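Colleague: For the protein sequence lines, the chains are A and B, in the order given. Counting from 1, one number per residue, gives the positions in the first sequence under this note's numbering. Counting from 530, one number per residue, gives the positions in the second sequence under this note's numbering.
A couple of the hints might just be wrong.
Selected chain A positions facing chain B (Cβ under 7 Å, derived; list incomplete) [what the hints assert, rightly or not]: (1) 174; (2) 178; (3) 182; (4) 189; (5) 319.
Label pairs and their computed distance ranges (CB to CB) [said to hold, decoys possible]: (6) A:150 to B:553: 40 to 50 Å; (7) B:636 to A:172: 31 to 41 Å; (8) A:158 to B:710: 20 to 30 Å; (9) B:742 to A:379: 42 to 52 Å; (10) B:775 to A:355: 21 to 31 Å; (11) B:615 to A:444: 44 to 54 Å; (12) A:334 to B:608: 31 to 41 Å; (13) B:531 to A:52: 50 to 60 Å; (14) A:183 to B:551: 51 to 61 Å; (15) A:138 to B:570: 45 to 55 Å; (16) B:549 to A:334: 52 to 62 Å.
Take a look, some chain A residues computed to stay more than 12 Å from chain B by CB distance [to be verified]: (17) 205; (18) 233; (19) 297.
These are calculated hints, taken from the structure and not from any lab test. Please read all numbers here as calculations on a predicted model, not as lab measurements. Yeah, the Cβ is synthetic: ideal placement off N, Cα and C, and Gly gets one too.
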Amino acid sequence: MLNLAGMAAEAEQNWPGLVQAWVDRRTPLCELRCPPSEILPEVVHWVVDELLFRFAGLIVEQEPQEWDLRYLFYSIQGPPRWARLRVRQPLDTPKFPSISPQVHAADWYEREAEDLYGVTFEGHPRLGDFVLHDDLWQEAVAPMRRDFDEKAALAERRPDLDWKFRRIVHDPGAFAMPVGPIYSGVTESVQFLLETVGEDVIRAFPRLFYKYRAIEKIAEGRNVDGCLLLAERFAATTAFAHALAYCQAVETICRVKLPPRAHALRVLVSELERFRHHVGVIHDICESTGLSVAASQAAILEEDLLRLSGDLTGHRYLFGLAIPGGLSRNLKDADCIDAVEMAVKILKRLQELDDGLRYSSSFLDRLEGVGIISPGKAWEFGLVGPMGRASGLGGDLRKAQPYASYEHFEFDVPLESEGDGFARLRVLMAEAAQSVRILCQVPVRLEAGDVAVGVSLQSGRALGWVEAPRGATFHGLHLDESGVVLRYRMITPSFVNWHGFHLAAENFAFQDFPIILATVGLSATENDR
Amino acid sequence: MSRWVISGLRQGVVTTCYPTRMETAKGTSPGLPARLTPMADEFGQELVDVCPTGAIHFERGEARVDYGRCIHCFRCSRSARYVLEWESGFEWARFASDGSNFVKGAASWPKAFRKSMHIRVVDAGDCGACLNEVKQLNNPYYNMHRLGFFITPTPRKADILLVVGPVNDHTRLPLQAAYDAMPTPKLVMAVGACALSGGVFGPSFVTGTGVKDVLPVDIEVPGSPPPPLAILHGLLVAAGRKPPMPGQDGR
């Protein structure tokens with residue numbers, strides 16, 4: 001395994017005169033500056049397939065004179081390391097080579113950048129109609145550009161009224177079944193276009209971004225505090241995780257060192273949120289299979305955890321707690337200990353429920369061998385979080401790139417390899433248990449003292465990362481010297497995992513579809529932003 | 530299968546006593562700032578500046594909070610020199626101020642929903658919290674079936690449209706279609722600060738300022754998110770079985 005200095009040297013040696021490398025030991029990170037030519041896919045191939053970095057995401061930024069594209073990679077084995085590929089191009093030539101043939105996980109990032117910035121990626125098989133639906137907006141609208149005029153865009157809309165989604169299956173008798181955006185009981189707005197010849201779903205295509213609220217666009221020009229509200233509230237079932245990632249980005253820019261108590265309490269609240277989120281997904285799984293007693297019992301546990309969060313922090317979804325520099329209010333030691341004890345009791349009841357589920361053959365029949373994602377496909381699509389870990393793809397940012405003092409806590413990262421619905425349920429159950437294991441270690445780490453320090457704003461760029469309940473999330477932030485947001489980028493686990501959702505849904509029967517949807521536990525609002 | 534019967538029985542009854550009596554369990558509601566607080570001018574102006582959504586108005590020595598805009602960010606309870614007291618409780622639902630014919634009195638409030646009401650929930654760009662709280666209404670703690678409220682998958686059977694989210698561009702047409710598909714008489718309930726005022730998301734080029742931009746709203750439930758009991762109160766107000774929160778704008 002190369003260290004970062006070795007990596008920089010080898011990159012410059014492999015592509016002499018083309019790639020410039022430098023190492024930032026503080027992060028630690030190796031930046032490779034690449035020209036926008038055919039060597040970019042080669043460098044990406046080298047970073048991913050030979051150095052075994054994982055693709056974290058793509059950040060596009062429009063500078064006054066040029067396009068600035070940053071491809072981020074992180075190590076999941078060995079010491080925490082980052083790699084960043086930086087590609088620039090003058091503003092008048094918005095063309096870049098596509099890296100998705102080498103890294104399939106980059107596919108949607110390129111589509112997103114094309115839709116929002118009007119930047120093309122040569123060699124990408126399919127661009128257009130992604131974030132902004134073509135039946136509502138003309139393809140030429142690029143809202144993330146600095147010179148985007150929203151009044152003009154709204155005044156002359158020329159949507160493609162004949163838009164039809166592209167059929168892939170042309171067998172005799174094949175038909176397409178649209179599900180959504182408004183469907184079933186209490187569901188998020190997503191459309192699933194299911195192609196079938198009768199019984200099995202041959203192709204499943206989720207049409208997302210119904211809930212696009214342009215968070216990254218409306219964040220620009222806000223101050224740090226105003227942007228925090230967006231970070232916290234764009235995906236509220238995992239609000240604290242995203243608020244934390246954002247706060248960590250601000251803290252890195254402003255070089256803030258947090259008091260130990262703030263770190264310990266952040267771990268406490270993060271794990272409480274993960275526990276509640278996982279119980280919520282377990283409830284959805286029980287309900288999707290029609291096992292009503294189990295669904296009710298899981299729902300009781302979820303409500304218990306919501307009430308516990310509300311009682312401990314004042315808000316059931318943990319809003320208003322994370323702020324740059326620490327937490328907005330101190331939690332009493334006694335309250336934290338009570339909360340941990342309560343969480344232990346709830347976990348015991350969850351494990352009783354788990355025992356019951358494992359003895360219910362009618363339940364297991366609906367999950368076992370259904371919605372399989374193979375480890376190879378999971379790697380290809382770069383799946384994260386419980387969905388990736390159920391397919392044997394490890395990598396947990398709490399271990400790989402520790403933050404908020406996670407390096408001091410003992411816990412395991414559960415891993416399964418079958419990749420079916422039952423494996424995902426087992427991962428959720430095991431992760432819930434690990435969260436409580438972490439919670440139990442928090443009270444002894446609670447040192448007396450403040451929970452927040454003052455932040456003096458500076459200009460700069462930074463990345464904040466958190467292992468959110470659904471997987472790795474990265475928040476990139478660019479501030480000017482007065483603390484105004486120039487660019488805010490959210491890379492969310494749901495965006496990554498929806499890309500691989502069809503792997504689970506295809507080639508299974510129609511009646512399995514709601515169950516597969518429940519077991520992957522994805523959020524549309526976290527994806528759409 | 531007997532295992533589930535036994536474990537279900539062992540669980541016992543957890544259902545809330547609301548609406549017969551008030552629920553007092555901890556952690557069921559984040560509360561809201563006091564609606565009216567007298568204070569000195571300098572403190573009042575500071576509070577107005579602290580509120581990120583413009584929910585606080587200061588006039589003639591009184592700070593007033595518009596519940597339709599409050600997003601429970603707690604800044605008015607921690608960031609100013611003179612902070613607002615927060616009140617517990619959850620009975621926040623009110624008639625929409627510039628809403629439908631029913632609210633204006635041009636048509637009489639439908640009586641058919643007093644005993645039973647079918648609800649179609651529509652997500653119009655919601656952040657997930659309001660939607661999750663609506664989902665909790667079916668859990669044994671709140672069990673809205675006992676009150677005759679049912680979630681229905683089709684708008685054709687629905688009596689009331691429960692809308693969460695600020696109504697962004699992509700969900701506007703599906704929302705309109707769901708409303709058009711409902712039989713009359715029909716009610717519209719906007720749930721959550723985003724559905725009432727756009728919240729932290731609107732207005733922008735893809736997001737409006739709530740459901741009232743698109744549909745005639747009858748009932749508004751403030752909160753971000755409103756806890757399940759607040760939504761239940763809204764449904765009871767819609768059914769004509771509970772009075773709305775006194776003193777708020779509207780009818």
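Colleague: Against this structure, judge whether each hint is valid.
Modeller: Hint check results:
no.: 1; hint: 174; result: 26 Å, violated
no.: 2; hint: 178; result: 11 Å, violated
no.: 3; hint: 182; result: 5 Å, holds
no.: 4; hint: 189; result: 5 Å, holds
no.: 5; hint: 319; result: 6 Å, holds
no.: 6; hint: A:150 to B:553: 40 to 50 Å; result: 47 Å, holds
no.: 7; hint: B:636 to A:172: 31 to 41 Å; result: 53 Å, violated
no.: 8; hint: A:158 to B:710: 20 to 30 Å; result: 28 Å, holds
no.: 9; hint: B:742 to A:379: 42 to 52 Å; result: 45 Å, holds
no.: 10; hint: B:775 to A:355: 21 to 31 Å; result: 50 Å, violated
no.: 11; hint: B:615 to A:444: 44 to 54 Å; result: 32 Å, violated
no.: 12; hint: A:334 to B:608: 31 to 41 Å; result: 26 Å, violated
no.: 13; hint: B:531 to A:52: 50 to 60 Å; result: 51 Å, holds
no.: 14; hint: A:183 to B:551: 51 to 61 Å; result: 36 Å, violated
no.: 15; hint: A:138 to B:570: 45 to 55 Å; result: 51 Å, holds
no.: 16; hint: B:549 to A:334: 52 to 62 Å; result: 34 Å, violated
no.: 17; hint: 205; result: 16 Å, holds
no.: 18; hint: 233; result: 5 Å, violated
no.: 19; hint: 297; result: 6 Å, violated
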